[in-house]
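Chain by chain, the residues:
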Amino acid sequence: MNGTTVTPDIKSIKDFVAFIRKDMKPRGKTPFTLFNMISVPVMLLGIALIIYRFIKGLASITNLSQDFPWGIWIGFDVMTGVAFAGGAYVLCFMVYVLRVEKYHAIVRATVLNGFLAYVFYAGALVLDLGRPWNIINPIIGNKFGLSSVLFLVAWHFLLYMIAEFVEISPAFAEWLGFKRVRTILNSLTLGAVIFGITLSTLHQSGLGALFLMAKAKIHPLWYSEFIPVLFFVSSIFAGLSMVIFEGTISHRVFGDQLDEEHLRSYDNIVIGLGRICAGAMFVYFFLKVLIFIHGKHWLILNTPMGYWYLTEVIGLVLIPCFMFLQAVRNRNLMLIRWAAVLTMLGIIINRLNISVIAFKWYAPVHYYPAFGEIITTLTVVFAEIWVFRWIVNRMPILREAPEWAREEKPEEETGRIIRMAK
Amino acid sequence: MIDRRKFLKVLGAGIGGIAGSTVLTPKVKAAEETGGSGKELVSVLVDTTRCIGCRSCEVACAEAHGLPVPEISDEANALAFEKQRQTSITQWEVVNRFKTEKGEVFVKKQCMHCNQPGCVAACLVKAMQKREEGPVTWDGNCMGCRYCMISCPFDIPKFEYYSWNPRIQKCNLCYERVKEGKQPACVEACPAEALTFGTRRQMVEEGKTRIYQNPDSYYHHIYGEYEVGGSSYIYLSAVPFEQIGFRTDLGTTSYPKFTTGFLYSVPVVLLLWPAFLLGVSQITKREEEIHGKGGKK
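Residue numbers (the numbering used here), protein chains in the order written: chain A, 34 to 455; chain B, 289 to 585.
Derived from the structure by calculation, the hints contain no laboratory data. Hints may contain errors.
Within a straight-line C-alpha distance of at most 16 angstroms, the following computed EDC-like cross-link-like pairs (lysine to aspartate or glutamate) qualify [said to hold, decoys possible]:
1) K545/B <-> E258/A
2) K393/A <-> D537/B
3) K176/A <-> D427/B
4) K446/B <-> D100/A
5) K89/A <-> E448/B
6) K573/B <-> E134/A
7) K250/A <-> D443/B
Could you build all of it, start to finish, from the sequences and the hints given here?
Structure below.
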């Protein structure tokens with residue numbers, strides 16, 4: 034596969050259907066890759082479990098209980114998944130608002146990832162709802178629970194998915210060869226970006242605000258009225274670490290789609306992202322320290338929960354923060370990638386702490402995820418990767434846009450990218 | 289015209305809210321006595337010094353709401369009191385026995401019917417409602433997100449995990465009876481006058497009167513008068529409340545207040561953030577034009 038897409042000539046619905054049918058076919062050389070061999074059985078099992086769950090109720094495949102109403106479907110799929118999707122709004126801010134051209138090359142892949150993360154991980158919420166058919170109640174009709182943080186989060190998820198779809202839609206138009214549609218969609222980008230950043234600010238923090246009313250149930254080391262701010266700030270480096278991580282894998286898997294300019298500028302992009310991560314993590318750590326000091330929790334620090342807290346804050350925030358700093362100074366890409374992995378682990382632990390682990394830490398019988406919950410979670414993750422792969426293999430996400438869609442003359446563009454890379 | 293002071297106040301609250309702080313939000317009026325339309329809130333005063341542990345209230349509750357009726361023979365009661373029970377999807381209320389410094393005490397447990405309930409503020413579809421008479425009730429608009437369970441300081445809402453069409457089960461303070469001016473079933477069934485029903489104003493007064501008249505037989509506190517902003521169920525006890533299974537660390541702030549700071553900040557962020565971003569975008573666009581895009585520089 035080379036760096037350009039073949040633009041189809043679609044003039045009628047018949048052409049459209051024919052093109053979609055042709056493009057539905059798998060693109061890989063062999064279907065028996067390691068990833069497919071693992072993901073397909075897991076997804077089949079996951080789908081069976083999901084069907085069973087909708088017939089027999091939530092307890093049939095989960096360990097949820099009256100004491101632990103939220104498990105990893107919320108704590109991991111939604112809380113962590115959405116934090117990891119934060120890279121989209123941060124990159125959009127830098128590329129479309131600050132106009133830092135350097136990051137332009139990766140903005141599409143990131144937005145696509147963010148969009149799919151919302152569709153799948155926020156979509157996983159439906160599995161967790163006891164009466165999912167009522168999910169339309171807060172959207173339509175007169176059932177507006179305006180005083181609910183969850184109402185806000187639900188609306189923002191919906192609107193943000195639309196905004197991200199608008200942001201990524203020019204790629205769809207380029208794939209289908211819809212030139213005029215692309216021009217219109219392109220003109221909507223800045224609006225969608227600004228709307229999207231605003232929504233992200235509010236719902237990233239809103240996810241944290243959900244736990245404000247669990248005051249008596251969350252361990253004092255984790256509960257704070259500043260949870261929303263912490264969630265927002267941590268979504269910045271969570272999202273960017275995901276971008277670094279995802280980019281590393283994409284480059285391996287889809288390397289043949291990338292042109293030389295992209296590959297040359299890519300190291301600089303990763304180092305730039307690492308620098309922002311380090312900054313955001315330092316701010317986050319500083320906030321954590323302030324909250325800790327004001328909370329006067331010195332004594333609880335010397336308990337098992339205290340050690341766990343230190344593991345999270347020192348081991349999975351401060352240390353990766355220094356790793357990022359060091360790596361940026363030495364231009365050590367390997368170290369940046371390791372720092373990103375540690376950071377992501379820290380985010381997973383943090384979100385799970387607030388929603389599951391430090392939640393009712395005093396309970397005699399604590400929740401742990403059931404086999405069915407883990408399999409369905411993996412199903413959601415794999416399904417997202419499948420769709421991501423399908424789109425990347427067909428649309429100009431990583432590869433360059435088709436000739437007709439480029440705003441500038443190719444030589445100018447190349448010149449600019451090379452200059453940015455320096 | 290926008291009142292400037294009011295505007296600044298909203299803005300201030302919003303900025304406070306952005307910081308996630310609840311400092312600028314007004315102090316809660318702890319003991320509210322009236323519901324939405326000025327109607328007096330109803331209340332049940334539970335005097336645990338009078339309760340004999342007969343569990344007649346459990347039977348009456350089950351019968352009134354079509355739940356499985358428990359057996360209340362002496363043997364059945366002895367068995368039931370062996371361990372601490374929680375309310376469940378088939379038991380909207382339970383009576384527990386506590387061994388205290390002043391002997392055995394029986395305590396009825398059910399929804400407290402908070403004046404400003406966390407569960408109601410949590411519900412995004414208004415399935416959980418605070419009725420103007422005082423009861424907190426649940427209905428079928430529910431989408432089963434269980435955020436009410438997360439937000440309830442007393443862990444009262446119970447969810448039917450084994451059903452394809454699950455409901456939340458909890459005490460509704462016999463809303464269907466209270467609406468008609470009748471007493472809740474449990475109050476009517478109590479043979480020991482441990483439960484008294486009336487307006488919240490009356491019940492708080494009644495509780496205080498009992499404490500004043502018999503200062504030695506009561507612990508001088510009415511649980512639920514101020515806890516989490518006050519509730520419709522209020523309790524009297526002979527011993528400190530932690531000895532009979534109550535959480536005394538919940539504070540007097542009503543639960544919805546914990547999120548108001550954040551919620552106030554939402555419209556402010558929605559207005560100011562896009563304006564700020566657009567401004568920045570304009571500046572960077574100019575920069576780009578001045579310094580030239582593409583080849584020339």
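So if I understand the rule, the pair passes when the alpha-carbon distance is 16 angstroms or less; does K545/B with E258/A pass? holds, 11 angstroms
Taking only the CA atoms, is the gap from K573/B to E134/A under or equal to 16 angstroms? holds, 12 angstroms
Straight-line alpha-carbon gap K393/A to D537/B, limit 16 angstroms: The given pair, whose Cα atoms are some 14 angstroms apart, holds under the 16 angstroms limit.
Quickly compare the C-alpha distance for K176/A and D427/B to 16 angstroms and report which way the hint goes. holds, 12 angstroms
Run the distance test for K446/B versus D100/A: straight-line Cα separation, threshold 16 angstroms. holds, 9 angstroms
Holds or violated: K89/A with E448/B, Cα cutoff 16 angstroms? Satisfied, since the Cα-Cα distance of roughly 11 angstroms is no more than 16 angstroms.
Given the proposed pairing of K250/A with D443/B, does the C-alpha separation stay at or below 16 angstroms? holds, 10 angstroms
Hint compliance for this structure: no hint is broken.
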